[in-house]
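J.: If you want the building blocks of each chain, they are given just below.
Number of protein chains: 2
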Amino acid sequence: MAESMQGLKRSHRCGELSAANVQETVTIMGWVQKNRNKGGLVFVDVRDRSGIIQVVFEEGRTDKALLEKAAGLKAEYVVAVVGTVERRSGAVNENLSTGEIEVVPLELRILSESETPPFPIEENAKTREEVRLKYRYLDLRRPDLQRNLMLRSKVATLVRQFLSEEGFLEIETPMLGKSTPEGARDYLVPSRIHPGSFYGLPQSPQLYKQLLMCSGYDRYFQIAKCFRDEDLRADRQPEFTQIDMELSFVDVEDVIDVNERMLAKLFKETLNVDVPLPIPRMTWQEAMDRFGSDKPDIRFGMELTDVTEVVRECGFGVFTGAIENGGSVRGINAKGQGAMPRKKIDKLTSFVKDYGAKGLAYVAIQEDGSVKSSFAKFLSEAEMNGLIQAMNGEPGDLLLFAADKNKVVWDSLGALRLELAKQLELLDKNEYKFLWITEFPLLEWSEEQNRYTAMHHPFTMPMEEDLDLLDKEPGKVRAKAYDIVLNGNEIGGGSVRIFQDNVQEKMFEVLGFTKEQAYSQFGFLLDAFKYGVPPHAGLAYGLDRLVMLMAKEDSIRDVIAFPKVKDASCLMTEAPSVVDEKQLEELGLERAKEKE
Amino acid sequence: MAESMQGLKRSHRCGELSAANVQETVTIMGWVQKNRNKGGLVFVDVRDRSGIIQVVFEEGRTDKALLEKAAGLKAEYVVAVVGTVERRSGAVNENLSTGEIEVVPLELRILSESETPPFPIEENAKTREEVRLKYRYLDLRRPDLQRNLMLRSKVATLVRQFLSEEGFLEIETPMLGKSTPEGARDYLVPSRIHPGSFYGLPQSPQLYKQLLMCSGYDRYFQIAKCFRDEDLRADRQPEFTQIDMELSFVDVEDVIDVNERMLAKLFKETLNVDVPLPIPRMTWQEAMDRFGSDKPDIRFGMELTDVTEVVRECGFGVFTGAIENGGSVRGINAKGQGAMPRKKIDKLTSFVKDYGAKGLAYVAIQEDGSVKSSFAKFLSEAEMNGLIQAMNGEPGDLLLFAADKNKVVWDSLGALRLELAKQLELLDKNEYKFLWITEFPLLEWSEEQNRYTAMHHPFTMPMEEDLDLLDKEPGKVRAKAYDIVLNGNEIGGGSVRIFQDNVQEKMFEVLGFTKEQAYSQFGFLLDAFKYGVPPHAGLAYGLDRLVMLMAKEDSIRDVIAFPKVKDASCLMTEAPSVVDEKQLEELGLERAKEKE
Chain R
1 MAESMQGLKR SHRCGELSAA NVQETVTIMG WVQKNRNKGG LVFVDVRDRS GIIQVVFEEG
61 RTDKALLEKA AGLKAEYVVA VVGTVERRSG AVNENLSTGE IEVVPLELRI LSESETPPFP
121 IEENAKTREE VRLKYRYLDL RRPDLQRNLM LRSKVATLVR QFLSEEGFLE IETPMLGKST
181 PEGARDYLVP SRIHPGSFYG LPQSPQLYKQ LLMCSGYDRY FQIAKCFRDE DLRADRQPEF
241 TQIDMELSFV DVEDVIDVNE RMLAKLFKET LNVDVPLPIP RMTWQEAMDR FGSDKPDIRF
301 GMELTDVTEV VRECGFGVFT GAIENGGSVR GINAKGQGAM PRKKIDKLTS FVKDYGAKGL
361 AYVAIQEDGS VKSSFAKFLS EAEMNGLIQA MNGEPGDLLL FAADKNKVVW DSLGALRLEL
421 AKQLELLDKN EYKFLWITEF PLLEWSEEQN RYTAMHHPFT MPMEEDLDLL DKEPGKVRAK
481 AYDIVLNGNE IGGGSVRIFQ DNVQEKMFEV LGFTKEQAYS QFGFLLDAFK YGVPPHAGLA
541 YGLDRLVMLM AKEDSIRDVI AFPKVKDASC LMTEAPSVVD EKQLEELGLE RAKEKE
Chain V
597 MAESMQGLKR SHRCGELSAA NVQETVTIMG WVQKNRNKGG LVFVDVRDRS GIIQVVFEEG
657 RTDKALLEKA AGLKAEYVVA VVGTVERRSG AVNENLSTGE IEVVPLELRI LSESETPPFP
717 IEENAKTREE VRLKYRYLDL RRPDLQRNLM LRSKVATLVR QFLSEEGFLE IETPMLGKST
777 PEGARDYLVP SRIHPGSFYG LPQSPQLYKQ LLMCSGYDRY FQIAKCFRDE DLRADRQPEF
837 TQIDMELSFV DVEDVIDVNE RMLAKLFKET LNVDVPLPIP RMTWQEAMDR FGSDKPDIRF
897 GMELTDVTEV VRECGFGVFT GAIENGGSVR GINAKGQGAM PRKKIDKLTS FVKDYGAKGL
957 AYVAIQEDGS VKSSFAKFLS EAEMNGLIQA MNGEPGDLLL FAADKNKVVW DSLGALRLEL
1017 AKQLELLDKN EYKFLWITEF PLLEWSEEQN RYTAMHHPFT MPMEEDLDLL DKEPGKVRAK
1077 AYDIVLNGNE IGGGSVRIFQ DNVQEKMFEV LGFTKEQAYS QFGFLLDAFK YGVPPHAGLA
1137 YGLDRLVMLM AKEDSIRDVI AFPKVKDASC LMTEAPSVVD EKQLEELGLE RAKEKE
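As they're listed, the protein sequences go chains R and V. Counting from 1, one number per residue, gives the positions in the first sequence under my numbering. Counting from 597, one number per residue, gives the positions in the second sequence under my numbering.
One thing to keep in mind: the hints can contain errors.
Unchecked claim - To give a feel for the contact side, a few chain V residues facing chain R, derived at Cβ under 10 angstroms: (1) Gln619; (2) Glu672; (3) Gly812; (4) Arg908; (5) Leu1121; (6) Leu1185.
Said to hold, decoys possible - Between beta-carbon pairs, the in silico distance windows are: (7) R:Asp257 / V:Glu762: 29 to 35 angstroms; (8) R:Glu253 / V:Asn633: 33 to 39 angstroms; (9) R:Lys429 / V:Thr621: 45 to 51 angstroms; (10) V:Asn868 / R:Thr127: 51 to 57 angstroms.
Because the hints were derived from the structure by calculation, they are not lab data. Quick reminder that beta carbons are idealized off the backbone N, C-alpha and C, glycines included.
Isolated chain R (complex conformation) (with noise of 0.2 angstroms):
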C-alpha cells in the first residue's frame, strides 16, 4: 500500500550529497539499490539518476517501528527518507561519490512497493537483451543505460547551443510527406481523407531544407526523426536521428569550419577530449588506395599496398589475370603474425569471400628469412623478394594479398584490416581520430539499372574543374561531397548543392531522367528553384551512431530509449500489432488475400 508525499519536498538528489551537508537534514527520494540487516543494523542504499546514498537504521538510536519498517523494505520499492547527513561510522566507500557519509533516518515512507524484478538493477547486467528489451522501463534504470542518455540529452543540447549562436534556425519540417520512389523504401501512411493514396514518412528533410535554403532562411538545422524502411543491421534502426543542417552562401570550407568546431566543442565539453583543429582531410581516392575504405580508422596503420606494378610480369594466374582484367593487387602486412596459424589464415580467406573476394594470397615471412606462401612456387624467388620489399616484410611479417577489380580488392582488404585490427585489439574506444573524406565520385555506375546513378543525391555539385568531364568520361567527374568519419565510422556527410539550372539538367541527363521524370519526383523543388536560389551547402550526422561511439558501445540500440530490434518490432510495447478491420475500412485498404 503506498504512502503519499504530501508534506514532503525533495531537498536534494541522493548523488548530490556530500561531506558539505553534514549536519543538515535533508529529503531524499528513490529506489531501493539493496538492503542489508546486519546485528541491529539496517543499511538500506537509496538510488536516483544521480547516484545512490546510504541510509542506516540503527537498534536503539533508530525508532523501533522505523527499524521494522526499513527491515521489510525490499529492492526497488520507492522510498522518501528524511534524516540527517552524518560522516559514516563505518569505512568509507571509495566506489561511491557519497562514500564519506550516510543519512540517520528521521522519517521513512515508503512510496510504491516493487515485485522482485527479472533481473537485477546494475551496472553492466548480462542479462539477454531480449528481457533486457521487454522490460526496457527496468533495463533504463541501469546506471550505464541512465549515463548513455544523460550524454544523449547533453550531446543535443550542445549542438543546438552552439547552431543557434552560430545563426542557425532550428526548423521543424513535415512527418507526413510525399512518399518518392528513389532511394530507400519508404514509410507509408495511408490517408483517410484520400482513400488509396499516402503520406511518406522522411528519409531525412533533404529537399525541405534546400527549400528552406530558397526562402532565404541562411543557416538551418534540425535534429530531425528519419525513417527507412529496410532490413535491420545491427547497426540500423527503422528510425533513427539526424543532426541536419544546410548553410546559404557557402563553399565547402565554410561547412567544413563550423563543423569541425561544433565537434570540438561537443567531445570537449561532454568527454573532455581535445578535438585537434584542423581535422585531417583525405580525398576519395586516397581513402581507397590507403585503407581500401571511404570511412578508414585511422587509429592504427596496416595500410594497404598496390603492388600491381610488382607482379604485373609474375607467373601467379591469379595476380595477372586481375590485372589483366584491368584490376589490381594489393596487399596489407600483418607486421608481426607470421606464425599464424594456417587454419586462423583459412578464417580469413572465407572472411574476405564475404566481400567478394575469390580468396587470400599470402606470404609468411618466418624468423629466419624464409617463407611460406600459398603461390610461393609461381614466382622467382627475385619476383618474391622484390614483392616482399615493396610490402616493407620483415621476419616474423604476414603479407595478405588480394586480386581483383579495384572495388572488390579494396572492399575486402579494407574489411580485412579492421577483422584484423579487432582480433590484434588494435582498437582504443578511448582515442578518437576524426577524418574528413572529400572529393567522392559524382556517379557510380549501375550494373543493375546499366546507368550512372548518383553516389549521394542528384543535387550534388560537381567540382568545378571536373565540368567538362560530365559529358566525356562522367565516372570520372569529382563531387563537392564529404564525409566526417570518426574511428571508421562515417557519422555524418554532406554536400555543396547544384543551384545552377543549366548543371542541374545536365545531370538529369547523366542520370537517364527524363525531364518528365525528373518532374515527377522533385517537381515542388525544380519549381522554387526557377525564382533564384542561392549557392547553399549541407551536412547531416547519424545522431544514434555519433553517441554510441562517444557512450563506447557497440550498438545504437544502448543510446536509444525505446529501440527496435532485427525485425523492426518493439519487444515491450509489441508494436506493431493487427488493427481493428474499421481501421482499415475507413482508410480504404483490405489485408490481400494469401497467395495460393
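Put chain V on the given structure of chain R with help from the hints.
T.: Just chain V, lined up with the frame of chain R:
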C-alpha cells in the same frame, strides 16, 4: 546563366550593416527586392533574412558594364555585391534599419536569375492562402513569415535552455509506436516485415514519458511531433508539436512553479513582455460559472451571472422549464449595447444555437429606463426589475440570457461572450493574460457510451479529499489536473498521475474497464507500475498555438514552415499521393474494392 561565388566570402548579412560600417568594404549576398532606374542612377535593394540594404550604381562613378548589369536585375535574382559602405547621399529611410547608409558597388555577380514570382515578396501580401501555400517556398520569403519562424526557433531554444538548466533531460521517444483504439484516431503505418500489422504514430508521448519516470529519469522533456487523424479545423494540423514534460517526486505546486518561471522567461526574452508571477489560478467550477469556459479569456469582463434563483418563480416557461429539468438560467450584460438592432440580436441568437442553446432571451434597457425584451410580458415589473438588478443592468445595457442544462448554458454564453468581445473589439493582441485552471472534474459522463470517461486520461490522479467519492459520486470527483490558458486559448495542460495500484484499479473500475481491457491497452505501463513507481506529474504545451499567440497571428499555419490544409493535404508537394501497387503488395495490402 548563374555566376559562381568562388573567391567571394560574405562579410555581413544585409540588415547587420549600419553607420558603424561606413568606409568598410563589404560583401553582401541576397535577393533583389527591387530595382529602380532613375536618371543615371540604379538603386538596387538587396534582401536577406536580416533585412534590406540599398546598393547604388551611378553613371560616371560606376563602371559602365556594371551599371548595365545592375539595370538588368529583376526581382528575386540572387546577387553578390562587393562594395563600400557610405552614408546616403539622398534622404535617410526611417523605415529601414540600414536607412542611413548605402553600398557603393565595386563588383556585382548574378548568382541566380529568377522568373517573375506569382506574387510579390513583401510583408502582409494579400495573396490568397491557396496560392501562398502552393508556392510556400516563395511565401516563406516574406518578412512576416520569416519573423514568425525565427520567433518559433527562438522559443524552442529558450525552452530547451531553461529546462536543461532545471535538470530536465531531453529524451526522444518512438514515432513508430503501438496503435491503441482509445482516444483520437491514430495515423497508422503498415509494417512490411509483419504484413497486416501496423504501427501507430504517437498522439503524444504520454505513456513513454510515464515509463521514463518509472525508469528514474526524474525530469524529462521533449519538443515532440504528435499526430491525430481527425478532421481538421482552422487551428488543427494532422501533425503538431508539443513541448512535453514530466517530473518525478512532485505535486501540483512544483509543476506550476517551474512552468511559470519558464513562461516568464520566454515572454520576457522574446517579446519583452513581463508576466506577473504568480499567474492567477481559478478552479474549473469558477471558470465555468464566471466565464462559461474552461479556458476563459480574462482580457475583458462581461462575466456570466447566474440568475436561476431570481427567475425560479417567474412566469416565463423557458426559464422555469430549464430550471425544473435541473438546468439554470444565466445571463451576460453587454454594457452599452442596449441600442443593438433587433437583426443583430437575431444573429447572436442563431450564433448560440450552434452551441446547443434553443434561443437567447434579451432585455435591452433603453436610455430612458424602459425595456425592450423578448420575454417581458411573462414577468411582473418587480420580477423584471429584480432581474435587471441582479445583472447590474443600467440604461443603455443589453442583457442576454440562456436557459438550459448547465453545459449548454455555459457553452452558449461562453461563446457569445467571446463573439461580442470580437464584435466590440475588446481583444488586444498585445495584451497577454495567463491563467491556471485547476480542479477539473476527473470524469465526464458519456451519453454515447453510457459510462464515465476520463476527462484527461485514465492515469490522472483524483484529489485526495475526493477519493471517497469515487465509489459514491464519481461525477463529483475533482482531479489533480491543470490547464494553462492564455487569452482564452488552452496553451497547455497536464496532471499529477496515479502511482498507486489500488487507486488505478478503482479508476479502471469506475471507467468500466475490465482488467483484460485495461491490460490490452496499457499493458506495458501497468506492468512497469509493478516495479516501484515514483509520484509524478507532467504538462504538455501546444507549441504551434503558443507561437501563434506570441506572433499575434490568427492561424497556426502562419507559424509552421510547411503546413497542411483542411483536407490534410500539402498544396506544395501534393502529398498524400498514389503509390506503386508493388509497394502495397509488399505491405500485404490492397485498395478496397469500390462498394457497389
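J.: Quick one: are Asn868 (chain V) and Thr127 (chain R) within 51 to 57 angstroms, going by C-beta?
T.: holds, 54 angstroms
J.: Measuring from beta carbon to beta carbon, are Asp257 (chain R) and Glu762 (chain V) in 29 to 35 angstroms?
T.: Once the Cβ atoms are compared, 33 angstroms apart, the range 29 to 35 angstroms for Glu762 (chain V) and Asp257 (chain R) holds.
J.: Quick check on the hint: Glu672 (chain V) CB to chain R CB, less than 10 angstroms?
T.: holds, 4 angstroms
J.: Taking 10 angstroms as the limit, does the beta-carbon of Leu1121 (chain V) come near enough to a beta-carbon in chain R?
T.: With a minimum Cβ separation of about 9 angstroms from chain R (threshold 10 angstroms), the hint on Leu1121 (chain V) holds.
J.: Return the status of the interface hint for Arg908 (chain V): holds when the least beta-carbon distance to chain R is below 10 angstroms, violated otherwise.
T.: violated, 42 angstroms
J.: Taking the beta carbons of Glu253 (chain R) and Asn633 (chain V), is their distance inside 33 to 39 angstroms?
T.: holds, 37 angstroms
J.: Does 45 to 51 angstroms hold as the CB distance between Lys429 (chain R) and Thr621 (chain V), or does it fail?
T.: Holds - the Cβ-Cβ distance for Lys429 (chain R) and Thr621 (chain V), about 50 angstroms, lies within 45 to 51 angstroms.
J.: Identify whether the interface hint at Gly812 (chain V) stands, where standing means a beta carbon of chain R within less than 10 angstroms of its own.
T.: Interface hint status for Gly812 (chain V): holds (5 angstroms vs cutoff 10 angstroms).
J.: Was the hint right that Gln619 (chain V) lines chain R, CB cutoff 10 angstroms?
T.: Not OK, violated: Gln619 (chain V) not within 10 angstroms of chain R, min 24 angstroms.
J.: Do the numbers back the hint for Leu1185 (chain V), that is, is its least Cβ distance to chain R under 10 angstroms?
T.: With a minimum Cβ separation of about 5 angstroms from chain R (threshold 10 angstroms), the hint on Leu1185 (chain V) holds.
The structure fails hints 1, 4 (numbered hints given earlier, in ascending order).
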